[in-house]
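Protein chains in written order, with the working numbering: chain A, 418 to 847; chain B, 125 to 431.
Hint data in this document are derived by calculation from the structure and do not stem from the laboratory. Among the hints, erroneous ones may be present.
If we take Cβ atoms under 10 Å as the criterion, some of the chain A residues that face chain B in the derived model are [unchecked claim]: (1) Leu-470; (2) Pro-627; (3) Gly-628; (4) Lys-693.
Note that the structure is predicted; figures quoted are calculated from it, not measured. We put the beta carbon where it would ideally sit given N, CA and C, even for glycine.
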Amino acid sequence: MHIHEFNGKLLLKNGTILDPFNNQEYKSDILFEKGVIAEIGENLSEAGMDKVLDASKMYVSPGFVDIHVHFREPGNEIAETLESGAKAALAGGFTKVCTMPNTSPCVDNEAEVLAVYRKTAHLPTDVYPIAAITQGREGKVITEMAILKRAGAVGFSDDGTPLANGQILRNALEYSQITGNAIINHAEDPELRGNGIMNEGLASTQTGLPGNPSIAEETMINRDIEVARFTGGRLHVPHVSTAGSVDLIRRAKATGVHITAEVTPHHLSLTDEYMKTFDANGKVAPPLRTENDRKALIAGLKDGTIDAIATDHAPHVIDVKETTLDLASFGMIGLESAFGLIMTKLYHEEQMPLLDIIKKLTINPAKIMNLTLPEFKVGEKANVTVFSADEWWVFSRKNVESRSHNSPFFGTEMTGKAKLIVKDNFIVNC
Amino acid sequence: MNLSIKHLIGLEGVPREDLDIIFDTSFSFREVLERPVKKVPTLKGKTIVNLFFENSTRTKMSFDLAEKRLSADSISFAASSSSLSKGETFKDTIKNIHAMKIDAVVMRHPTPGSAKLLSQFVDAVIINAGDGTHEHPTQAILDMMSIKEKFGDFKGLKVSIIGDILHSRVALSNIYGLKTMGAELMVCGPPTFMPKGIEHLGVRVTHNIMEALEWSDVINVLRIQMERQGKSLIPSLKEYREVFGITREKLEKIHKNLTIMHPGPINRGVEIDSEIADSEHSIILHQVLNGVASRMAILYLLVGGLK
Numbered sequence: 418m419h420i421h422e423f424n425g426k427l428l429l430k431n432g433t434i435l436d437p438f439n440n441q442e443y444k445s446d447i448l449f450e451k452g453v454i455a456e457i458g459e460n461l462s463e464a465g466m467d468k469v470l471d472a473s474k475m476y477v478s479p480g481f482v483d484i485h486v487h488f489r490e491p492g493n494e495i496a497e498t499l500e501s502g503a504k505a506a507l508a509g510g511f512t513k514v515c516t517m518p519n520t521s522p523c524v525d526n527e528a529e530v531l532a533v534y535r536k537t538a539h540l541p542t543d544v545y546p547i548a549a550i551t552q553g554r555e556g557k558v559i560t561e562m563a564i565l566k567r568a569g570a571v572g573f574s575d576d577g578t579p580l581a582n583g584q585i586l587r588n589a590l591e592y593s594q595i596t597g598n599a600i601i602n603h604a605e606d607p608e609l610r611g612n613g614i615m616n617e618g619l620a621s622t623q624t625g626l627p628g629n630p631s632i633a634e635e636t637m638i639n640r641d642i643e644v645a646r647f648t649g650g651r652l653h654v655p656h657v658s659t660a661g662s663v664d665l666i667r668r669a670k671a672t673g674v675h676i677t678a679e680v681t682p683h684h685l686s687l688t689d690e691y692m693k694t695f696d697a698n699g700k701v702a703p704p705l706r707t708e709n710d711r712k713a714l715i716a717g718l719k720d721g722t723i724d725a726i727a728t729d730h731a732p733h734v735i736d737v738k739e740t741t742l743d744l745a746s747f748g749m750i751g752l753e754s755a756f757g758l759i760m761t762k763l764y765h766e767e768q769m770p771l772l773d774i775i776k777k778l779t780i781n782p783a784k785i786m787n788l789t790l791p792e793f794k795v796g797e798k799a800n801v802t803v804f805s806a807d808e809w810w811v812f813s814r815k816n817v818e819s820r821s822h823n824s825p826f827f828g829t830e831m832t833g834k835a836k837l838i839v840k841d842n843f844i845v846n847c
Numbered sequence: 125m126n127l128s129i130k131h132l133i134g135l136e137g138v139p140r141e142d143l144d145i146i147f148d149t150s151f152s153f154r155e156v157l158e159r160p161v162k163k164v165p166t167l168k169g170k171t172i173v174n175l176f177f178e179n180s181t182r183t184k185m186s187f188d189l190a191e192k193r194l195s196a197d198s199i200s201f202a203a204s205s206s207s208l209s210k211g212e213t214f215k216d217t218i219k220n221i222h223a224m225k226i227d228a229v230v231m232r233h234p235t236p237g238s239a240k241l242l243s244q245f246v247d248a249v250i251i252n253a254g255d256g257t258h259e260h261p262t263q264a265i266l267d268m269m270s271i272k273e274k275f276g277d278f279k280g281l282k283v284s285i286i287g288d289i290l291h292s293r294v295a296l297s298n299i300y301g302l303k304t305m306g307a308e309l310m311v312c313g314p315p316t317f318m319p320k321g322i323e324h325l326g327v328r329v330t331h332n333i334m335e336a337l338e339w340s341d342v343i344n345v346l347r348i349q350m351e352r353q354g355k356s357l358i359p360s361l362k363e364y365r366e367v368f369g370i371t372r373e374k375l376e377k378i379h380k381n382l383t384i385m386h387p388g389p390i391n392r393g394v395e396i397d398s399e400i401a402d403s404e405h406s407i408i409l410h411q412v413l414n415g416v417a418s419r420m421a422i423l424y425l426l427v428g429g430l431k
């Protein structure tokens, strides 16, 4: 991956624009000048250009948005920094990411929110902090949500730590209505999850690994939905993993609950069968589920029950993964492999329309976090990702800009790849 | 007579041909164990490490004895897993073993998959002596050898495994091995001890002990522990004995003689009463002797052929 600063005139020729704002797909050239769209139209003249890039056979989308990443700064910079994470995002075609607050110290105060912006201001990637729901992520007292929002927090989550106490969840869903931000609760009942390492089912019986049952997720999502219904608050469900959860969210939406949901590329690609390899890179929370669940997640994406795709990019150093499964950390990196997996699984295998896929990666997640995206209009800031829908490639360590390499996807064949980003006054070759 | 497997991690996927070779070799070593001098020079010059990250008396002694009787050089390492920072230790242990160039490792570890992990990083034969609640293949081999000794063949033989199937590595290895050999299987125990999807492994499932006893030719009774991973999945051992314990009263209701097995250690008066465990139909002590013979066979077949 290469990032260049570029302040001249850039002509992107012959691309097919995927415009999710107006639900349109059309061939057009785009002229960028000083980081802003200067002209859109067919057959724009190359005269006077500083750079001309041919995008024929390519698609041009708004830069991808990932609303669920873990960058490990502050506290665990050996696994990831804000900068390395931001670069991993660019390598995968993402121009905007939302970071979870479970750093050390955690993002539960104004200074930590401001620090995320300060440390990433020089990078092409826009990094938006999600702040904690409760102080110290201890599940006891809610954070200063209004102050955090003023500082730039785009959502609230104690991610990784479920809000076990229903009263605190109620409090958060009520109070957060003064900011308009979503409450994001990692839904897993801690007691039902127990010491579960993988999905409870035939595969856990065969591996002997402690099971984490689907009901751990579903009972908590069910509670969260009813509290959201009662309070009128905005609930966002991260990394939905079971067929039952998709049903619950579908019914909640149909009855007017303010609820949105996301799914990860790994839950769309792998099942609990993977754990028969005993590879600790497959140990994620919530766990990889069954093929039936995977199919239900895809159906939920297609019918709009699931709004967005988000990676849950969770870098870990090798020492906490190359160990026995009980001690291995939960999580896998995801930014660089996400788009390839999404295109392979959803576009090529499931024939999901490209515009629908792009919405799950751009305007839908942006809306959940109240982010405004530049549109395909003259005067808007440059924010596009150019991708090939048909390029075949094999995901490998050389594709990884993250400081960590905890991925089960090395060696996986993918079709579809982000190639180029034009973002403000930067050009990125992914 | 070469095995297709290079390590013994589990019995899942181990072909019948391999098991037949192991049984034949085990009975040959059983004859050796009946001789006045029980030592053979088969593994002279081979080095075997016994790594026990979890307490074991029977299995560890059995391997020790098997190695000594094959004239291997063996050392044992026992580590209380709870007292160590396990993660780094396990990785460092692996690296150390790799550096010391030994021929085989026999390992017991509390975590499923640890034996496989070891086999991926160490250039030695790995024999799994129990990896958490995953598999315990040598126990299943000695169990099957004991069944074969009594019945000659597995075809159509009805074997029930009774007790805590969820937390049992013995149950899973027995299921894989006995299915491969053509036996019919049933598992019996309270629903809280039944792992999800077990019926898809081709076993019958019942919570009715009398149904299991009436159906079976052989019962393999598992040790019951009250506390498992911080959860109390049964209300009391007293109630367990009353509902599932193998007692004279229950056996008298079925009008046939069952062969009784137990992998040990026995909780007398809980999962099985003393008079049953010590009865003429019990082959529990044959299992112990066959354990040494079959472990000699496994070591010989996997380590003996190495250059």
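Which constraints among the numbered hints does this structure fail? Numbers only, ascending. As far as the earlier hints go, only 1 is violated by this structure.
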